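Residue numbering for the sequence shown follows the working numbering, starting at 108 and increasing by one per position.
Worth flagging that the hints you see were computed from the coordinates, not collected in a lab. Among the clues, some could well be false.
The calculated DSSO-like cross-link candidates involving lysine-lysine, where the alpha carbons are at most 27 Å apart (straight line), are [as the list claims (entries may be wrong)]:
id, residue 1, residue 2
1, Lys521, Lys400
2, Lys146, Lys560
3, Lys168, Lys178
4, Lys521, Lys497
5, Lys146, Lys178
6, Lys146, Lys406
7, Lys487, Lys521
8, Lys406, Lys455
9, Lys497, Lys487
10, Lys146, Lys168
11, Lys168, Lys130
12, Lys125, Lys178
13, Lys406, Lys448
14, Lys487, Lys406
Just so you know, these numbers come straight off a predicted model, no measurement behind them.
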Amino acid sequence: MSQGQNPMHHLSIAELAKGLRAKTFSSVELTEHFLQRIKRLDGEFNSFVTVTEQEALAQAKAADAARAAGKDTPLLGVPIAHKDIFCTQGVRTSCGSRMLENFVPPYDATIVDNYQQAGAVVLGKLNMDEFAMGSSNETSYFGAVKNPWDTRCVPGGSSGGSAAAVAARLTPGATASDTGGSIRQPASHCGLTGLKPTYGRVSRYGMIAFASSLDQAGVLTHSALDAAIMLNTLVSFDPLDSTSVDAPLEDYTADLGRDVAGMTIGVPQEYFGDGLNVEVAAKVQEAIDEFAKMGANIKEISLPHSELAVPAYYVIAPAECSANLSRFDGVRYGYRCDNPKDLEDLYKRSRSEAFGDEVIRRILVGTYALSAGYFDAYYKKAQQVRRLIKQDFDQAFADVDVIMGPTCPSPAFKLGAKGTDPVAMYLEDIYTIATNLAGLPGLSIPCGLVENKPVGLQLIGPAFAEQRLLGLAHQFQNTTDFHTLTAPGLE
Numbered sequence: 108m109s110q111g112q113n114p115m116h117h118l119s120i121a122e123l124a125k126g127l128r129a130k131t132f133s134s135v136e137l138t139e140h141f142l143q144r145i146k147r148l149d150g151e152f153n154s155f156v157t158v159t160e161q162e163a164l165a166q167a168k169a170a171d172a173a174r175a176a177g178k179d180t181p182l183l184g185v186p187i188a189h190k191d192i193f194c195t196q197g198v199r200t201s202c203g204s205r206m207l208e209n210f211v212p213p214y215d216a217t218i219v220d221n222y223q224q225a226g227a228v229v230l231g232k233l234n235m236d237e238f239a240m241g242s243s244n245e246t247s248y249f250g251a252v253k254n255p256w257d258t259r260c261v262p263g264g265s266s267g268g269s270a271a272a273v274a275a276r277l278t279p280g281a282t283a284s285d286t287g288g289s290i291r292q293p294a295s296h297c298g299l300t301g302l303k304p305t306y307g308r309v310s311r312y313g314m315i316a317f318a319s320s321l322d323q324a325g326v327l328t329h330s331a332l333d334a335a336i337m338l339n340t341l342v343s344f345d346p347l348d349s350t351s352v353d354a355p356l357e358d359y360t361a362d363l364g365r366d367v368a369g370m371t372i373g374v375p376q377e378y379f380g381d382g383l384n385v386e387v388a389a390k391v392q393e394a395i396d397e398f399a400k401m402g403a404n405i406k407e408i409s410l411p412h413s414e415l416a417v418p419a420y421y422v423i424a425p426a427e428c429s430a431n432l433s434r435f436d437g438v439r440y441g442y443r444c445d446n447p448k449d450l451e452d453l454y455k456r457s458r459s460e461a462f463g464d465e466v467i468r469r470i471l472v473g474t475y476a477l478s479a480g481y482f483d484a485y486y487k488k489a490q491q492v493r494r495l496i497k498q499d500f501d502q503a504f505a506d507v508d509v510i511m512g513p514t515c516p517s518p519a520f521k522l523g524a525k526g527t528d529p530v531a532m533y534l535e536d537i538y539t540i541a542t543n544l545a546g547l548p549g550l551s552i553p554c555g556l557v558e559n560k561p562v563g564l565q566l567i568g569p570a571f572a573e574q575r576l577l578g579l580a581h582q583f584q585n586t587t588d589f590h591t592l593t594a595p596g597l598e
């Protein structure tokens, strides 16, 4: 069934909600449409790890009944999907790893419960880099995800399954997580709007931890308006999460039409140096020029410690991962090796057999950085650099309202191109990592095509400025059509 000339999968979340409200179609019809599309197309992209067909149809029937009884919420009956890092009661949560291949949680993550309470329909769980460690979604135990814009290329990571599923229009929106760019980078590679909120704005309860001081849940959608709708449900104070911020809840859709005129946009000179693809730089500059046409003031700024973000991150994140993943020992839950000789053999073989190469690499780096002889030289020093990076942003936001620049240094690269070069892979997140270290909100929106593949414009704001970022993105999307483009060959 379609609305007007548009098939249902081409409608935005806002349009789907409107259609459900007008009874143009039911949630069951909508859910069946997306489930059939997943069956038909996802064999090419590998974006889903688990499809929850029966559960989704039951949720859709319940949503239709609730609407018939007079209930009306923005996401009631709207299908979404969750990154497989979020615990879902009774549904496998693998985190892209053999370690948790058969793990079925006994509870829901807080954000999963939030969407359930809002009446959203969950189509399934989405593929990801193992334990969210990767920039290409090639480290998943369940196989690499392919980019719908070019299936020879990566979709970005670690939320590559979420990005590919939304880009292929297998789901209208998806949850994701971002530790160093894992929402914004795949958003850039797949032509989507990807939002990482301020650290602490979204509960981490029930999100399997990678690096606890950096992880933050967010969303991937086609537009800023859809991201705002999903964010309204995503955000909540959670006493079960000690890092959750008890701040007033906002309606992120309320002020999307704010005037851009008079706002000051900071452009970091460090983000336009060596390593940035020339064509990507040109598209990003054209997008910034578009904001200038809308009346924004453009100001060149400096973030002098930017070049230290990657090395600081790749000490801090592995250190935290080393501590968080120590719980997977083959004893309590998760993978256990066969016929261990003794306790030491159980530990060694369970972990070495179940963890992939990238996870093992980061555990080793993190354990080394935390060891007695190297803690001060590496971990403590990295935390001091983190403070300097945060101070750079604080000084910049004293003079500008938002910072803009590229999300990624290049368009999506070929599958396998950087698998043997960890450093080259780590540099994929060179423009996104600093916002996680500083705990700031970041947003990537599509701003053009290079080599027939999407590129992203990154917007960074001060803490709790999600509404400001979404408003600027919405105004840009009102004057451009990059966010409406569909990957070639996808109807």
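Hints, verified against the model:
1. Lys521 <-> Lys400: Cα-Cα ~36 Å, so violated.
2. Lys146 <-> Lys560: Roughly 25 Å between the alpha carbons, so the hint for Lys146 and Lys560 holds.
3. Lys168 <-> Lys178: Within the cut-off at roughly 14 Å; holds.
4. Lys521 <-> Lys497: At roughly 34 Å apart (the allowed maximum being 27 Å), Lys497 and Lys521 break the hint.
5. Lys146 <-> Lys178: Violated - the C-alpha atoms of Lys178 and Lys146 are around 31 Å apart, more than 27 Å.
6. Lys146 <-> Lys406: Measuring from Cα to Cα gives roughly 49 Å; hence the hint is violated.
7. Lys487 <-> Lys521: Violated: Lys487 and Lys521 sit about 36 Å apart, past 27 Å.
8. Lys406 <-> Lys455: It is violated: about 54 Å lies between the C-alpha atoms, which goes past 27 Å.
9. Lys497 <-> Lys487: Satisfied, since the Cα-Cα distance of roughly 16 Å is no more than 27 Å.
10. Lys146 <-> Lys168: Holds, because 20 Å separates the two Cα atoms, which is no more than 27 Å.
11. Lys168 <-> Lys130: 14 Å, holds
12. Lys125 <-> Lys178: Holds, at about 14 Å.
13. Lys406 <-> Lys448: 65 Å, violated
14. Lys487 <-> Lys406: 34 Å, violated
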